[in-house]
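Protein chains in written order, with UniProt numbering: chain W, 1 to 497; chain C, 1 to 930; chain A, 1 to 109.
Calculated directly from the structure, the hints in this document are not laboratory data. Incorrect hints may have been included.
Stated by the list, open to error - A short list of chain A residues far from chain W (calculated; beta carbon distances all over 12 Å):
1. 4
2. 7
3. 57
4. 58
5. 61
6. 62
7. 68
8. 102
9. 104
10. 108
To be verified - Covered stretches of chain W, going by a simulated chain A footprint (3 or more residues, C-beta under 8 Å):
11. 96 to 107
12. 126 to 140
The structure displayed is predicted, hence computed values, not measured ones. The beta-carbon is built from N, C-alpha and C at its ideal position, and this holds for glycine as well.
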Amino acid sequence: MMHAPILPLLLPLLMGSLLLLGHRLELPLKRLLSLAATWSLVPLSAWLVWLAGDDQLRVYALGDWQPPFGIILLVDRLSAMLLLLTALLAGFALLYACRGDDERGPNFHALFQFQLLGINGAFLTGDLFNLFVFFEILLISSYALLLHGNGAERVRAGMHYVVLNLLGSALFLLGVGSLYGLLGTLNMADLAARVAVADASQTPLLAAAGYLLLTVFALKAAILPLYFWLPRAYASASAPVAALFAIMTKVGLYAILRVFGLIYGAQAGELAGLANGLLWWLALLTIAAGVVGALSARNLQRLLAYLVVLSVGVLLAGLAMDSQTALAAALYYLLHSTLIGGAMFLLADLVSRQRGAEAGDLTQGPSLRQPLLLGGLFFLGSISLAGLPPFSGFLGKLMLLRAADPGEALWLWPAVLVAGLGMLLALSRAGSALFWRPGGDVIEGEDDRVRLFATVGLLLGGPALVIFAAPVMAYVEATARQLRDLAPYLNLIGGGA
Amino acid sequence: MALALIIALPFLGALIPLLVSRMGRSAVAIAAALAPACGLWLLFSQRAAVFAGEVQIAGTEWLPQLGLNLSLRLDGLGFLFALLILGIGLLVILYARYYLAKSEPQGRFYAFLLLFMGAMLGVVLSENMLLMLMFWELTSLSSFLLIGFWKHRSDARIGARMALAVTGGGGLALLAGILLIGQIVGSFELSVVLAAGDQIRASALYPLALVLVLLGVFTKSAQFPFHFWLPHAMAAPTPVSAYLHSATMVKAGVFLLARFYPALADSEWWFYLVSLTGLATLLVGAVLALFQHDLKGLLAYSTISHLGLITLLFGLDSKLAVVAAVFHIINHATFKASLFMAAGIIDHETGSRDMRSINGLWKYMPHTAVLAMVASSAMAGVPLLNGFLSKEMFFAETLKQHLLGSFYWVIPAVATLAGAFAVAYSLRFIHDVFFNGEPIDLPKYPPHEPARYMKIPVEILVFLCLLVGVLPGYTIASLLAAAATSSLNGELPQYSLTVWHGLNLPLAMSVLALVGGLFIYALRKPLFAWYEGLPEIDARVNFQRGITILMRITDALTDRLETGSLQRYMALLLGSVLLLVVFALSPLESLQGSLPAMPVDAITALGLGIMALTALLTAVFHRRSLVALMILSCTGLMVALAFARYSAPDLALTQLSVEVVTIILLMLALFFMPAQVPAESSSLRVLRDLGLAGGVGTLVALLVYAVITRPYQSISPYFLENSVPGGGGTNVVNVILVDFRGFDTLGEISVLAIAAVGIFALLGGLRLAHPSRDGNGRPWSTDSHPLILDILARALLPMALLISVFIFLRGHNLPGGGFIAGLVTAVALILQYVARGVAWTQARQPLAYHVLAGAGVLIATLTGLGSWLFGRPFLTSAFGHFHIPLIGEIELATAMLFDLGVYMTVVGATLMILSNIGQVSQAEPFREVR
Amino acid sequence: MEALFAVTLGVLTASGIYLILQARIFPVVLGLTLLSYAVNLFLFAMGRLAGGVPAVIGRSAEYGDPLPQALVLTAIVIGFAMTAFVVVLALRSLGETGTDHVDGQEPGK
């Protein structure tokens, strides 16, 4: 079906606007609609993944205007995979939210749909300015979702997040503008083709534009020294929102991958691999910063937020190594860290709900109502997160370590392994404090099975990525191969699709 | 298949005790024993092949690109370890049945135990090194759960975390080591690796790989200086200690030495690292064991010492030493397991483990005493017990080596000294506990023999000690030979397993050790006094202190990094940009491009000058908010004029209308904000801000100048050519917005709608104090419906609506369009709110703004979807020309419908924002305007 | 003329940046507004500066580059939405935290 690529955008867009239209509808109905739309994205994007498996690039020319003139959506293996990942994460996060978190303010479901529109759009678009637009959709909805329910701490964190990203958006426009001013086009593939034949005297200007974009993406991806907004924001957001945000940093990394893998890709001559050297060191420093933060965290949500930062560092290292195997490893790790990261935020909330005022603080608190169940889940999640066998974190780490060539291994191995030890210390300390320290009386309350189901559902991503490791790895390897062979992308322009 | 099953059984079997946990202790124990019993049976079914020297390798490829395959291996070494793991495991399960109190969660205990057992089996039966590593880390994790089983006790919690940190950390080093070996050999399969010893040793990476692997080994096997975690793991229930610290967990380390011996040994590096570490551990463990007052503490340090002995043997670089090491692994497992169990019985029956209070138990529990005495004699190396045999071999081996040159005698001397201490602490175990007067202040008094079946595991093990000690040739020989052969991966050296080797030097060392041990024990009182005087080193305290220090450092770093200051984060962001862009632009040869410059005309120059000046003044006057806002609006006006000047009428119109709404918005906000902004930046901060501002400003100026003076090849001619024929409009900018790049516009109105929704949520329930006076102290007007404004507003409304229709309709061909029209409408409506108040206006306002905004986005989307009916992609436009009476020739395009969506969204969103902000003040009751 | 334009843009940017580095929210909002003026002009200028060439077919002999204009329009609208959001967030922050400091607390507290 020719319209397949746009469905993951139309679905949330239509549902989002319908939910606004029907903003007075009863909450259960809104939930039903929102859930239906979100979960439909799962088979839909699975279908796209299946379609993408033939290694063809699928182009959807909006308004029937051919590239480079009109905006195109581009489905390749990477975008299809990320759509599926987003759909799964969002499906479970939304399910969790439907048990009460969505009642804390108006229009949660409409915002959630628009958030998905933004994320999916960022993954699909093949146009740099359109990427900006989707970034803005994604950001404005994330502002609203982050602040959903209000409260002083959220507002404080939100203010930083919003203002920093507003500055980021300005820089984005400067970057896109410069590229257009120099190359006269906005389609990413066309930009790539034009960079390849650009006059040498323009190289510094093109590099400047690239660095402007890099800074913006680094801010979204939470790379050192631009990650400081993240811990507070993620720790203060409501659990389902924080879980969904597990994909947000990845959008930044995705943008780095697209822009620096394609526009400043191998064809770009002097500009090829523009940022790799820099990103490599930043990646290692980000890993270090993540560990340091995780070790200092006195609160479970903050700990998890820092582990998000850490995973960004690991992923970025994979991208910066600039090889097919490393890219494949990074993509596998991306799947892992998103699912498990999201699951852990939900789990942290389940735990916090049973600890009354102590919530996620790593201090002695009330005994949990479900110490074994939650403790067991925490144990499994922590193992995955810390990269210990037998779950996905270990395989991801292993792939990445193996992908490093000797010169890189000299830095990457110690960084990743020591980070693993740091995570082990931080998580075992947290787990011991939350589940083992004898505390006060159990706080009576209802336990929600749906919330638990959503959490477990995401957490199962860890074992699933191991059980299906062979096909998943085959897929990410093919993805890496596809991404590094630029010719088909460049051929998109001029009817080559 | 049998191999895979042996490993899988305990993992699957871990569920059974959980399922039957309500059916009583015996049922749970039997349920737990199922899996290991079956495993043992399966293992035995393979024994013929193993003893015949066959190496079975089975499994499948899993992730070949990673080198990670599900391949398993059963050879003599694996068989031996699997036997110990399963056999002693079964005994421990039986023992724990009686050890654990009724109130304790049996099911969970056995589940953890079985998980651990499965992991251990995985380690010893893996052919693939990476698979082995996975199991290795699993042993660390499951032992963490076992050690922390009594989670209510802080010593158990810390002990568990310490064990995990040390062994888990060692596992990470091992991972690196294994990866290096795999890199050198090109395979992770043991059969390949073991055959590639020469290749590995020749590699430049060998020392690094070796050190990393040994780090894993030494941490796991509690070798000095990583031994400290083991005594604290004694906080675990005793069955766990009996299992982990006799046959399994700590043996995993020395197992690895045995496993990798052909691949890694036979080098100076190996010898020095392994033998010296072993030697140090042997002595330190033996000495410290004597000074423990805790029964399990004594056993823990003795375990450390014996592991040192085994390690030393592997380091001695002779094939016979390997045989001795493997032999001692077996012997240590049997006597140490039984000793731990005996200690557990004593603890269980007396309620204490302190040897200063448990004395004279011979009277109360003679049966247990006999068992414990035999076992500790084996530990001390008394003849006719298994410990004697391997210790004799050990002494002989220490004499044969000549590796330390002229200091070769150090090794046998230290070995004898450690042997003497081993005798002394074994003696203490016997004498202090069972004799030496009467018990002192026991929590449970009088102690008595435990349940009959609790002693059975001990009896079996002690019997084995005896049997092997007396008849080694008939009992252990073939197992030992098989295990040693596979450890050496080749020919077995000549050796004889007899009790009596004649009068020789090793025997003399044994005798010396025995006598020395007696002597040391006799001197124990002054020795204890001396030891008490030493500064205490408590690993738990140190570990806690280490963690605290680590946390303090990370705290300090985090405080430094994540300061919570937005200004700093912004400065970092801008600084990063500045740095990178300066770096990028530095090689730029010429700032100016080849395009001819436009001539300077006075009016434009004046306009630009005013723009720059007002911007500067805004910054200068920023502390006086209202003044700054006034000046800012001038800048906005100049920007609109600049757009007009440079041929962008649409932009000028849009800028102007947005400007109006923005200023209204800021005025509304300013009403609640402090009118004066305090001066609080230090001069250094001001300097930094000025530097960043100047820097970024300069960069932007340079960038824009460099770009716009250069020629470029744009895709724009396509839009100019196709606007009329393809898009049906002459205003190309509008056609781009609603057609060529309509998708951007769809996104843009979504942003607007979302912002409105978000703002609506932010304002929900918000109340801000109503300032009664402005910044200059003048009272705000309290006239809620100023008459003139009211009349004006009412008169303006129809006019404004008419203008919006006009702007909207001409948009496709002339400057205008849905967005501007929407803003004009919104401003006119807002004026009604301002003039008449929210309540009045709301009552006469037919549409909910939520609906308006949502419908706008929906209409735009549905318009786009319409093209599907014609088999075209989303947003494909169509248009036609129609004649309408009075108005004349008019063109209708789907793009206009799309633009209608834009219009509605803009009106809905803008009004939702402004009308709700307008009533945040506390004076009026809040009515949400939806 | 281009040089003059560039300098003006630089001044606009610098003023905006200086303001967004302030500690109180209102100057920051002013700074963001100034910055968005600058960015919009920048984007617009990427189509090169020319007078009397509006991109309306049939109105003039030559046409300016319409694409950056369309982009700027989009950017203006998005910028407006964002400004509105941050202004209201500032009000919320004032309500929740009682201060107009960007960190949600008075310095030194």
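Hint check results:
1. 4: 18 Å, holds
2. 7: Consistent with the label, residue 7/A stays out of reach of chain W, its closest Cβ about 17 Å off (over 12 Å).
3. 57: For residue 57/A, whose nearest Cβ neighbour in chain W is about 17 Å away, the distance exceeds 12 Å, so it holds.
4. 58: 21 Å, holds
5. 61: 21 Å, holds
6. 62: Nearest chain W Cβ is 17 Å from residue 62/A, so the label holds.
7. 68: Contrary to the label, residue 68/A does not stay out of reach of chain W, its closest Cβ about 7 Å off (not over 12 Å).
8. 102: It is violated; residue 102/A is separated from chain W by about 6 Å at its closest Cβ, not greater than 12 Å.
9. 104: 3 Å, violated
10. 108: Consistent with the label, residue 108/A stays out of reach of chain W, its closest Cβ about 16 Å off (over 12 Å).
11. 96 to 107: violated (count 0)
12. 126 to 140: holds (count 4)
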